[in-house]
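S.K.: These are the residues of each chain, in order.
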Amino acid sequence: MSLDDRLRSGLRTLETAPEDAQQRLAEFRRRAYPRRARRWVAQGVAGMIVAAALAFGISSLAFHQAQGSGGFVNKQPKPKGVPNCTPSDLHFMFDYSTGPAGLVSFGYASSTRPCWIDQSITVAITGNGFADLKAGRLFAVSGNNSAIRLRGVVPTPNADARAIQGLGISWEWSNWCGSATRAYFVFFETGKHLQIADDMLEMDPAPNTPRCVDRSKPSVLTSAPSVASFPSTRRNDLPLVLQPAPGLANPRVVKILGVYLIDARTLWAFFTEAPCTALDHVTVSESPQQVTVFVYVGRQSKSSCHPTNLPNIAAKIVLSRALGNRGVADGASGEVLGVASSR
Amino acid sequence: MRQRDEAFEVFFLAEHGSVLRTVQLILGDRQAAEDATQEAFYRLLVHWRKVSQYERPGAWVRRVAIRIATRARSSQRVAEIEPPRSGVESSARVDLQRALRALSPAQRTAVVLFYYEDQPVGEVASLMECSDGAVKTHLHRARKHLAEVLGEELDDVPR
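Chains as they are written, first to last, in the working numbering: chain A, 90 to 432; chain B, 5 to 163.
A portion of the hints provided could be inaccurate.
Ranges between beta-carbon positions, derived for each pair [unchecked claim]:
#1 Gln379/A to Lys54/B: 30 to 36 Å
#2 Arg53/B to Ala115/A: 19 to 25 Å
#3 Ser305/A to Arg67/B: 47 to 53 Å
#4 Cys134/B to Gly280/A: 15 to 21 Å
#5 Cys134/B to Gln332/A: 52 to 58 Å
#6 Gln112/A to Lys54/B: 44 to 50 Å
#7 Gly427/A to Glu121/B: 39 to 45 Å
#8 Ser231/A to Leu17/B: 48 to 54 Å
Calculated from the structure, these hints are not laboratory results. Quantities reported herein were computed from a predicted structural model and do not represent experimental measurements. Note that beta-carbon positions come from the ideal geometry of N, C-alpha and C, so glycine has one too.
Between the sequences and the hints, there should be enough to build the whole structure, so can you do that?
M.R.: Dropping the structure here:
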């Protein structure tokens, strides 16, 4: 038998038996469709921000190519019994806190099980997201395009908390005296050759740029401490599903931004909590043709008041019967809403 | 379910198995192959509206899966050898597994696509996103190595 014949027949012996395709599809549905739905929610929010930024005009860009730098979350060995994370386990988490400097945080929470990750992640600051990154147009920031190694156990989040547990890394960006006021953080696996936007891990807009402290000195991006939790509703694609807290002052109906069908009878209605308001209760009006959802928020006490808008909040609704072909309407506006499905 | 999801799922049922088997041979690791294949089909789902208009969406998802697999294999562990079956056949099988595992990711990918999927060099080059010449180089080096390890005579250069 020739080498070619041996390879042809030998490779056949290494293949595994075909599996149940329907079972594979069911597993794919369970993981991929919710992930795509989250992507739509994230894209929708990013799109609004881009539109707002364009409305205020585009700033000029500076160009810079920087060297990467390293950092570690921890150097502990992988614990026994903890599986490696797979892409379908992970939710991206992002936060950007502003002060004299900006603290950029990126990380993951696991939607399925605590899992192990060991990944080197690079952040690039650009004025136009992936397009500028691909073209090599980066902001003139010392340390821009720098990497940090993210290594450790990714926890499963507690969705009822105001902070989501996760495993993250962070960078501090300071002294930005450039003319651009609009910035994007693009996160990608270090060393990865990015060909399409889908190759990057995440792209998030910065609500503002750091304060200019000294024009004679460069803007700097340096690695900062690791992050163990993220504010629950800042620019991450993991919705915070809140339990209603009835009895708040002055409850009023708020506009629903979108609806996500979890299973035949369960919906998540997305909305934004305005400053010092919280989810009070939810009511549903069902007819054979339509389901109308009313989300009520009430005023929080001053001691527990959150001072900023909290987007990406979700209220859970369980219908009396399967949604089926019925439409879903927003009780505040009367508008029929698009429904993203997990099935 | 929306129409494009139905079309996607028909495509999934038709193609997933063969993509998974190819990726598993490239990676030599069942779990990693499932992850890579799942990720490739997820990307296909995201881009389905556009890719479904292509002449061969199957080639697109194969190309993405192979790209993910070869990157994963470049950076990840070497897979455990599966338990042998029995007798002479199992010994030959393990020998082949070991020999394949020693190849570079690109060489192994070229071997799997050329000998297992029976793809011509031009198609292998398209799937690996490289030139015909690069594929021939990968195959030549892989065959040279495999011939040495497996104790076989080297035949003519493949077509």
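S.K.: Taking the hints in turn, state whether each one holds.
M.R.: Evaluated hints:
The hinted range of 30 to 36 Å is satisfied by Gln379/A and Lys54/B, whose Cβ atoms lie roughly 33 Å apart. Between Arg53/B and Ala115/A the beta carbons are some 23 Å apart, a value that agrees with the proposed interval 19 to 25 Å. A hinted range of 47 to 53 Å holds for the C-beta pair Ser305/A and Arg67/B, which are about 50 Å apart. Distance hint for Cys134/B and Gly280/A: a CB-CB separation of about 19 Å, consistent with the stated range 15 to 21 Å.
Checked against the hint of 52 to 58 Å, the pair Cys134/B and Gln332/A passes, with Cβ atoms roughly 54 Å apart. Evaluation of the 44 to 50 Å hint for Gln112/A and Lys54/B yields a failure: the beta carbon distance comes to about 28 Å. Checked against the hint of 39 to 45 Å, the C-beta distance between Gly427/A and Glu121/B comes to roughly 41 Å, which is consistent with it. The hint said 48 to 54 Å for the Cβ distance between Ser231/A and Leu17/B, and at roughly 52 Å that hint holds.
In the structure shown, a violation is registered for the earlier hint numbered 6 alone.
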